[in-house]
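Novice: Those protein sequence lines, which keep their order, are chains A and B. Counting from 1, one number per residue, gives the positions in the first sequence under this note's numbering. Counting from 123, one number per residue, gives the positions in the second sequence under this note's numbering.
Hints were generated in silico from the structure; no laboratory data involved. Check the hints yourself; a few may be wrong.
What the hints assert, rightly or not - A partial selection of chain B residues facing chain A, derived with a Cβ cut-off under 8 Å:
#, residue
1, Asn-171
2, Asp-219
3, Phe-222
4, Ser-226
5, Trp-232
6, Gly-234
7, Phe-236
Beta carbons: idealized from backbone N, C-alpha and C, even for Gly.
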Amino acid sequence: MRLLTHNMLSSNIKGVINGFPLRIEAVKVVEKTVEMNADFLKNMFQKIDWKVLIEASRAMGYTELPEESDFSLLESDEFLSIFHHALLELHLEEGALVCPESGRRFPVSKGIPNMLLHEDEV
Amino acid sequence: MKLKQLEGLIGGLDQFSNPKVELEQYPTGPHIASRMLFTAENSFGDVTNKVVADFGCGCGTLGIAASLLGAEHVLGIDIDPESLEIAYLNAEELEVDIDFIHSSIKDLGWRGQFVDTVIMNPPFGTRTKGADLDFLSVALKVASQAVYSLHKTSTRDHVKRTALREFNARNAEVLCELRFDVPKLYKFHKKKEVDVAVDLWRFVPGKHQT
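Model the full structure from these sequences, guided by the hints.
Specialist: Here it is in structure tokens:
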């Protein structure tokens, strides 16, 4: 699971008011190289919760993202390639996503998070 | 990529080994899947460089086709872990990256408007009444640009009315009518192959409140 997916998912358990962001417990992280698309990144930059992306990438052992970000950074190729790497090339392969409010763990196995809710959580 | 190339590539994908009748698992054939994605891209520009989600992805056919047509980020969501395992291998086989999520469509929480396009071949709602419209309801909330979906032609008026009136769609249009070959997968199928008339729809979601 890429961190772009992480940035758009939240826990949807009954009674939970703010299920975002899910906390990442990383056991195994893999990197897969993909071609960079600057226009796509610029578009995503407007939608991303930056702080959440920083936290998530740190939990995955990647610490290159700058603390503060603004649109001027998008002119820098160096920034784009760091952003690209964090957003699309890091994959949480084994571990868990944890609901920030209830502490419920959603296990991630072979890169696939299991977000299925139990009957009493719907 | 040419239509025939796309059809050929996804024609080689593995399909359900033990289809589950309660989930109405029917594979989306390469003929329909390739035309669906090809139309979405060539007529509407809804695939290339987009974020695309495949709802009820099964063995991943539609999501993989989207990825082959240049979707930048593809999500495949299904409730059935066995299907996801096949989908995962199918994606690997064609060297495309897809983020699969094991979940029911209604269990998943979404933040923001990341997903441009939802593509889906939902359960037709024959076994569980209304299952296809449950999918559509969520799809129209999650997508910001368009939803492509297959529904039985016999339910056309109902689908249109529900999408526009209840799900706040701005537009609901049948792009074409297709024949869906349902091979004899289940014991209750008496005939060897059943031909079902299916509409390919394009829905435009209404403005989302953020």
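Novice: Taking the hints in turn, state whether each one holds.
Specialist: Hints and how they fare:
1. Asn-171: Given a least distance of 6 Å, the restraint on B/Asn-171 holds.
2. Asp-219: Because about 6 Å separates B/Asp-219 from the closest Cβ in chain A, which is inside the 8 Å limit, the hint holds.
3. Phe-222: holds (5 Å)
4. Ser-226: holds (6 Å)
5. Trp-232: holds (6 Å)
6. Gly-234: At about 5 Å, which falls below the 8 Å cut-off, the nearest Cβ of chain A leaves the hint on B/Gly-234 intact, so it holds.
7. Phe-236: holds (4 Å)
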